Each structure stands twice: as structure tokens, then as C-alpha cells.
Amino acid sequence: MKLSKSLLSAVMIGIAVHGATSCKKEKTDPDKAKQEAEKKSKEKTSTPYPCPACGMG
Amino acid sequence: MEWVKTGILSSVACNLDVDMLTACLPLLEESKIDALEWSFDALYREKEIPDWFRDLLTAFGNEHRLIGHGIFFSLFSGRWLAGQEEWLQQLRQMCRDFRFDHITEHFGFMTGKDFHHGAPLGIPYTSTTLRIGRDRLKRIYDACACPVGLENLAFSTSVEEVKKHGVFLDQLLEPVNGFIILDLHNLYCQLHNFGIAFEDLIDLYPLHRVREIHISGGSWDESQADPGRTVRRDTHDNSVPQEVFRLLENAIGRCPHLRYVVLEQLGVGLQTAAARKTFYNDFLTMQSIVREKGEMLVPGPANTFLSGPVQLSGEKAEDETLYRQQLELSGILETAASYEEAIHRLHNSSLARSDWKVETWEPYMVEVAMKIAQKWKVNSVNS
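Sequences listed follow chains A and B, in order.
Sequential numbering of the first sequence, starting at 661, is according to our numbering.
Sequential numbering of the second sequence, starting at 20, is according to our numbering.
Please keep in mind that the hints were generated in silico from the structure rather than gathered at the bench.
Just to be clear, a hint being listed does not mean it is correct.
Said to hold, decoys possible - EDC-like, lysine to aspartate or glutamate: derived pairs with alpha carbons at most 16 Å apart:
1) Lys665/A x Glu48/B
2) Lys662/A x Asp74/B
3) Lys665/A x Glu49/B
4) Lys662/A x Glu82/B
5) Lys665/A x Asp74/B
6) Lys662/A x Glu48/B
7) Lys390/B x Glu241/B
8) Lys662/A x Glu49/B
9) Lys182/B x Glu218/B
10) Lys662/A x Asp53/B
To be verified - Pairwise CB distance ranges (calculated):
11) Lys665/A x Asp219/B: 49 to 59 Å
12) Ser664/A x Glu268/B: 28 to 38 Å
13) Pro45/B x Val677/A: 17 to 27 Å
Claimed, not checked - Computed footprint of chain A on chain B; a stretch qualifies when at least three of its residues, placed anywhere within it, have a C-beta under 8 Å from a C-beta of chain A:
14) 34-48
15) 75-84
Note that the structure is a prediction, hence the values are computed from the model and not measured.
Virtual Cβ for every residue (Gly too), placed ideally from N, Cα, C.
I would like the entire structure built from these sequences, with the hints used as guidance.
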């Protein structure tokens, strides 16, 4: 399915800035968002969780 | 009756996971992804969905190309739990926020204190579990007001259970005119773990109810209970085996109402550029098979997989004996130090000489059940 360029750009920025689990709706300044993403990335490394999308087996 | 030729959509499972999204991004940019499957209940750690992800889901939803895949409802819990009520409320809200083409869940029940702290396990196929499953499916249908489906199991404890699974699914889904996700990696696990031929098993599933197919990868386990035996596990952390692509080639033509073929892989298996490239190639292989085999499908009678209004009972279906047995089973699997101990305790539990038929359970699968239960228990402690 074809997506608009603006949506693809938003997704790309969202992945880069918000990281794996950041879900704050309000806009944050990029530096703070990066720090948050780094913090969450470290948390993710230390506590891998196999659940979402059911890696059940 | 209207006759149609279903167009099959090549799809990916895509959640709010940076590795998964990074792997999907090149496919999105090249407009190769026809539809998205989203596990809407895997947001329990999130306060809100970010705008950009919401917009992505909305774009697919507006084109009737968004499907919801639940994980944590625990269809067969013997007791109706507060978490199930909350799950239905969340589903209602999600269906107001997004336009899902259908909603699916998993077969089995979740152990543990809540739905994020336990392992998904199977159930005996009885009139009691049939009654509970049908009641819960009606409640899901009532909440989402769109077609409802269930995924076939990857894990079983006996060959008898494997062979009865399809008929039981058919009976469960009949009152809501539901459909099944035929997960071909799950099928691959059953074929390998119980030494069954594809031709002997595939027709035991209600293929007229298949609206969605999943493909994914998994891993191998060396059995200690049966030295020399490997057990296939549905861990979703690897690329798609060639055998699963061959199953896809053989399955599509048997499923006249197939609408979605979904590539699934966990983010933990997509953390390197090489893994993401393999994911990309797996998608292209899948899409090529879908297009080739889809061309060969002939028009057939339409099935919307919608039901008329469902009658909900004032009382939720429950069974206290089943609930106590489920707790006992979970406790044994989570705490046994060895598969021998687990088997001994099962044979001396309330599940012995019952519909659970624990006496027929293969020791090598009890060993795997323990690993699954203890993996989830460990993760729940860490999470």
C-alpha cells in the first residue's frame, strides 16, 4: 500500500527519536527525547522481554 | 449467494517496537506491504500511542487493511477474571479509535497472577471448555463488531490432541461464524514434534474457515527427556525456514477464503542489519508465493465471517474445577526441578485420570512446557 511521504517521514523520525517504547503524545525537545530513548534502550538490553506479538513457544 | 475471488494481502506483524519498525521501514517505503497486523493489547507498558504510530495504523485502517491480533485475553481461563473484563473494555476503545478488518486471539489460557505474568497453555477438549470458549468468543465479537478468529496451536502434549485441534476450533467458531489463522510455523512444529505428514494433518483443520495465514521462524531444542530428539519451538526469533515457505505454497490453494498472509518476527530477532535484510527477503519470497498461488485461486462463495447479533448470557461461563486444575498445572510446570518431577506430580494431581489425559502426555513435550512456563515466570520477575 502506498503511504504519503509525510507519513513515512514521521514514522522514520518517530523510530529515531522515540525509540522502542516511548509513547508520550506531547512533543518533547529532541535532546531530551534522545536521552529518554537511550535510557529505554539500556533498560531493554538489561531486561529482554519476549512477549509482544507472542513469542510464546 | 455472491461468488468472489479473494485478493490476498501480503502483510507484516508490526508493533510499537523499534527493531520491528526499522525492519519494516524499507518495505513501507517501497509500498510493498499490503496490510498491517497489530497486537493492540501489547501496549501495557505504554501510556499513549505516539501520533506517528497512530497515523500509520489509521492509514492502513482507512483502507480496510489493519487487523488486530490479541495476545492476553486468556480465552479458556476457568474463572472469568478482572483482566478479561479490562481487555474487552480496551478492545471496545481500540475499535472506536481504529478501523480493524478483523480481530484475532490465541487458543489456550494464560497462567500467572495476571495476563503478563504467565505462560500460554493448552486445555482439554470437552463440553465445558467448548462452552467457555464459545461464550468468550461471543463477548469478543460483541466488543469489536467485526469478524473474530483464533490461531491454531503450536504446542501440544500428544498426537491425539494435535489431530483433534481442528475439529474443536471449528466447533468453537461456529456460533460467531468465526475464522482461523492457520499459522504455518505452528503447523510445522506439530508436524516435526509428532512425526506427522502435512497431507495427513492439513485436512483435519477447517480450511473453509481460514481467513489468515501466519509464517514465521522459531528455534530447536535438544530434548533431555528423549536424547537425540529435537523439538521445534515457536519462538518467533528467527527467519522463515524453507520448509515453512513450502507449506505456504501447498496451503494457499486449499483456503478459498484466505485474505491475509502475515510475516511475523519478534523485534529481538531483528536487531542486526543482516537480520533485517533477511526479514526483507523473507517478505519478498512470501509475496512472490502469494501472488503466484493467489492467481490460481478460483472464485467461490463469499464469506464475510460476520454473524448476526449474538446473544450474551447474563452470567459469564466459568468452571471452578477447571480453574483449580489450571492453577495446579501452572504451579507444577513453573516449579518442578525436572521433567521427571513434573510428570510425577502431574500423575498425582487433580489432573490425573481426568479429561486432561496427562497419562498420554509425551515426556519431551512436558519438558518443553516446563521451559515455556519457567521462561515466562523469569521474564515476569524481570519485567
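Checked hints:
1. Lys665/A x Glu48/B: Holds. Lys665/A to Glu48/B sits at ~9 Å (cutoff 16 Å).
2. Lys662/A x Asp74/B: holds, 14 Å
3. Lys665/A x Glu49/B: Holds, at roughly 11 Å.
4. Lys662/A x Glu82/B: holds, 11 Å
5. Lys665/A x Asp74/B: Between Lys665/A and Asp74/B the Cα gap is close to 13 Å, so the pair holds against 16 Å.
6. Lys662/A x Glu48/B: holds, 8 Å
7. Lys390/B x Glu241/B: Answer holds: Lys390/B to Glu241/B is near 12 Å, not above 16 Å.
8. Lys662/A x Glu49/B: holds, 8 Å
9. Lys182/B x Glu218/B: holds, 12 Å
10. Lys662/A x Asp53/B: holds, 9 Å
11. Lys665/A x Asp219/B: 49 to 59 Å: At roughly 50 Å between Cβ atoms, Asp219/B and Lys665/A fall inside 49 to 59 Å, so the hint holds.
12. Ser664/A x Glu268/B: 28 to 38 Å: holds, 34 Å
13. Pro45/B x Val677/A: 17 to 27 Å: The hinted range 17 to 27 Å holds for Pro45/B and Val677/A, with Cβ atoms some 19 Å apart.
14. 34-48: holds (count 11)
15. 75-84: holds (count 5)
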